[in-house]
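Protein chains: 2
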Amino acid sequence: MKIGKQTIKLENTPKILQTSSMVGPKEKQGPLSIYFDLDTKDIFLGEKSFEKAESKMLELCILNLLKKSSTKAEDVDYIFAGDLLNQCISSGYCMRNLGIPFFGLYGACSTFCESLTLASLFVNANYAQKVVAATSSHFCSAERQFRMPLEHGNQKSPTAQCTVTAAGSAIVVPKDFSISGPYITYVTPGKVVDYNITDMTNMGSAMVPAVYNTLATHLQDTGRTPDYYDAIVTGDLGVLGSEIIVDLFKKDGINLQGIHADCGALIYNHDMQDTHCGGSGCGCMASVFSGYFFEQLKTKKMNKILIIATGALMSTLSSQQGESIPGIAHAVAIENEA
Amino acid sequence: MKIGKQTIKLENTPKILQTSSMVGPKEKQGPLSIYFDLDTKDIFLGEKSFEKAESKMLELCILNLLKKSSTKAEDVDYIFAGDLLNQCISSGYCMRNLGIPFFGLYGACSTFCESLTLASLFVNANYAQKVVAATSSHFCSAERQFRMPLEHGNQKSPTAQCTVTAAGSAIVVPKDFSISGPYITYVTPGKVVDYNITDMTNMGSAMVPAVYNTLATHLQDTGRTPDYYDAIVTGDLGVLGSEIIVDLFKKDGINLQGIHADCGALIYNHDMQDTHCGGSGCGCMASVFSGYFFEQLKTKKMNKILIIATGALMSTLSSQQGESIPGIAHAVAIENEA
Numbered sequence: 001m002k003i004g005k006q007t008i009k010l011e012n013t014p015k016i017l018q019t020s021s022m023v024g025p026k027e028k029q030g031p032l033s034i035y036f037d038l039d040t041k042d043i044f045l046g047e048k049s050f051e052k053a054e055s056k057m058l059e060l061c062i063l064n065l066l067k068k069s070s071t072k073a074e075d076v077d078y079i080f081a082g083d084l085l086n087q088c089i090s091s092g093y094c095m096r097n098l099g100i101p102f103f104g105l106y107g108a109c110s111t112f113c114e115s116l117t118l119a120s121l122f123v124n125a126n127y128a129q130k131v132v133a134a135t136s137s138h139f140c141s142a143e144r145q146f147r148m149p150l151e152h153g154n155q156k157s158p159t160a161q162c163t164v165t166a167a168g169s170a171i172v173v174p175k176d177f178s179i180s181g182p183y184i185t186y187v188t189p190g191k192v193v194d195y196n197i198t199d200m201t202n203m204g205s206a207m208v209p210a211v212y213n214t215l216a217t218h219l220q221d222t223g224r225t226p227d228y229y230d231a232i233v234t235g236d237l238g239v240l241g242s243e244i245i246v247d248l249f250k251k252d253g254i255n256l257q258g259i260h261a262d263c264g265a266l267i268y269n270h271d272m273q274d275t276h277c278g279g280s281g282c283g284c285m286a287s288v289f290s291g292y293f294f295e296q297l298k299t300k301k302m303n304k305i306l307i308i309a310t311g312a313l314m315s316t317l318s319s320q321q322g323e324s325i326p327g328i329a330h331a332v333a334i335e336n337e338a
Numbered sequence: 001m002k003i004g005k006q007t008i009k010l011e012n013t014p015k016i017l018q019t020s021s022m023v024g025p026k027e028k029q030g031p032l033s034i035y036f037d038l039d040t041k042d043i044f045l046g047e048k049s050f051e052k053a054e055s056k057m058l059e060l061c062i063l064n065l066l067k068k069s070s071t072k073a074e075d076v077d078y079i080f081a082g083d084l085l086n087q088c089i090s091s092g093y094c095m096r097n098l099g100i101p102f103f104g105l106y107g108a109c110s111t112f113c114e115s116l117t118l119a120s121l122f123v124n125a126n127y128a129q130k131v132v133a134a135t136s137s138h139f140c141s142a143e144r145q146f147r148m149p150l151e152h153g154n155q156k157s158p159t160a161q162c163t164v165t166a167a168g169s170a171i172v173v174p175k176d177f178s179i180s181g182p183y184i185t186y187v188t189p190g191k192v193v194d195y196n197i198t199d200m201t202n203m204g205s206a207m208v209p210a211v212y213n214t215l216a217t218h219l220q221d222t223g224r225t226p227d228y229y230d231a232i233v234t235g236d237l238g239v240l241g242s243e244i245i246v247d248l249f250k251k252d253g254i255n256l257q258g259i260h261a262d263c264g265a266l267i268y269n270h271d272m273q274d275t276h277c278g279g280s281g282c283g284c285m286a287s288v289f290s291g292y293f294f295e296q297l298k299t300k301k302m303n304k305i306l307i308i309a310t311g312a313l314m315s316t317l318s319s320q321q322g323e324s325i326p327g328i329a330h331a332v333a334i335e336n337e338a
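Sequence lines, in order, name chains A and B.
Residue 242 in this note's numbering sits at position 242 of the first sequence; the count goes up by one each step and never skips.
Residue 102 in this note's numbering sits at position 102 of the second sequence; the count goes up by one each step and never skips.
Worth flagging that the hints you see were computed from the coordinates, not collected in a lab.
Keep in mind the model is a prediction, meaning the values are calculated, not measured.
Think of the CB as a built atom: it goes at the ideal place given N, C-alpha and C, for glycine as much as any other residue.
Honestly, I wouldn't trust all of these hints.
[To be verified] Partial selection, computed: residues in chain A whose CB lies under 10 Å from chain B:
| no. | residue |
| --- | --- |
| 1 | 8 |
| 2 | 60 |
| 3 | 71 |
| 4 | 94 |
| 5 | 102 |
| 6 | 223 |
| 7 | 227 |
| 8 | 324 |
[Unchecked claim] Partial pick of chain A residues on the chain B-facing surface, computed with a CB cut under 8 Å:
| no. | residue |
| --- | --- |
| 9 | 29 |
| 10 | 35 |
| 11 | 140 |
| 12 | 326 |
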């Protein structure tokens, strides 16, 4: 049921049965290392190209999800997935091997919350019993598509973020499913917001207005205040964008300090790993939620979190044509009690 | 409610309140000319690039939909949209101006049925009262992204299809809405199917297996036979793919002759317009359904149709890496009586 301006209350409170995450070598060296299910030392994963490697990583992540949740691929009703590559080939080729009815999504780095939103809404409406949400990104495939060939060895701007090599996935089931799991209670799909930022190396700042819009709307629609949540988790504003979003809400008299966290800021040790403003990419929130935050919920260290995945909807071509960077942010509330 | 393997029955039978279509000069010269709402003689639509022109066309198409259905943008709950461009910039930039909560999709040329499926399921589940589905494509932006710069003037293979310059959109509302309109009764989301076709200039053939899979599943899940429908409309197998799909079902003893139609085959006069195997692109089924078929339903010349949009999920990069072309097809049943 829709409440307020753009939030949907999931009255049948579907639950997340299980999650799965897989990361590359750099992410495995980061502070969240122990929370990831799978990792690879070989950035090619035995494949012949970075794109095939990314697709393989997404597939391994989903196969691990099925294994962890004792689910056969043929028992998954639908899968929602997407990635950053042109024509979303990481997801498309991965799905070829899984044989699950597939909805392809593109929301840039907001795609994990977009896929989790739609998966949850499908289960909530009794359209399906088992729906998977999954996304991936790969530093090397993203770098050569959006920036420079790796061989170029270019320097990064201090405001830049690193696309993570990671995949994450979650399987959503109805609340009467016997195994315990946190519930999806509300979703707030976002609008496209553009504050005329044109610097492709400062994506955190470009996406802040979309997060502000979606979070403010979510709080207004649900009547909640930020301190209702144990954590409000964005992905990925990075270090700089995180400072800006806290400042912005402060001006409205709303305190996010100590409540806000950002997957891009969490995934690397910035001083040691030379990652500037942190991580980004479809796989960042996907892996950090599926790894770290799901564990916090399962162990009751956190009981109520709001995850807000943020996407920058430009392309290299739109930037070359002088366009600014539109942002979007989708929010999903996940709670241990429904 | 899910029935059979992968079909969802829409028990609350949402209806299509209105549609809108816009086409370029070549499509306007085709046999369906009179059915399109808007057209442009200027392929740039006054913009500075083909990509901006495509985004503008999608926006004009949606604004016309709102006008035709006496709906304000702020009264639209959600919009599902996508296109063929890298990072779906046609939709992303268009949404910036509309201010409607947005779900970005990528399903290649299957995107219109993907968006109509999700829009209908949202209304059916009472998540929303007014949801828009929209897609676009542009010959010039597609040609230079997927094939060759226009200035190159390359010849096309006899099996090739032309990406149409067109946009289409539909607004879905609950069945109790006062204005009459055809109902969405069933949706059958598709699986990714790959029969190892590698020829990017023969996309119709590459997508046939996906159509076969989705249509066979739809018939099995619903217990219907093809002659239940006044038309089974694919988009876009083109002339060659259309022959193959009829042949394939013939081998199963199922006759599609006289029932099957294809948007890519319908939109051009192939002998006069030098369009080889016909049209393709996200805008092809979007405009042909929103223009021609919606009119057939409204005037009761047809009462039951099944539309099946088909997408080829490759990219130029995956083809350069020697990959075959995976296909997907999503089916939506639209009927005057529910």
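Now for the hints, and whether the structure bears them out:
no., hint, result
1, 8, "5 Å, holds"
2, 60, "17 Å, violated"
3, 71, "16 Å, violated"
4, 94, "9 Å, holds"
5, 102, "6 Å, holds"
6, 223, "19 Å, violated"
7, 227, "26 Å, violated"
8, 324, "9 Å, holds"
9, 29, "29 Å, violated"
10, 35, "29 Å, violated"
11, 140, "13 Å, violated"
12, 326, "5 Å, holds"
Figure legend: structure checked against the earlier numbered hints; hints not met, in rising order: 2, 3, 6, 7, 9, 10, 11.
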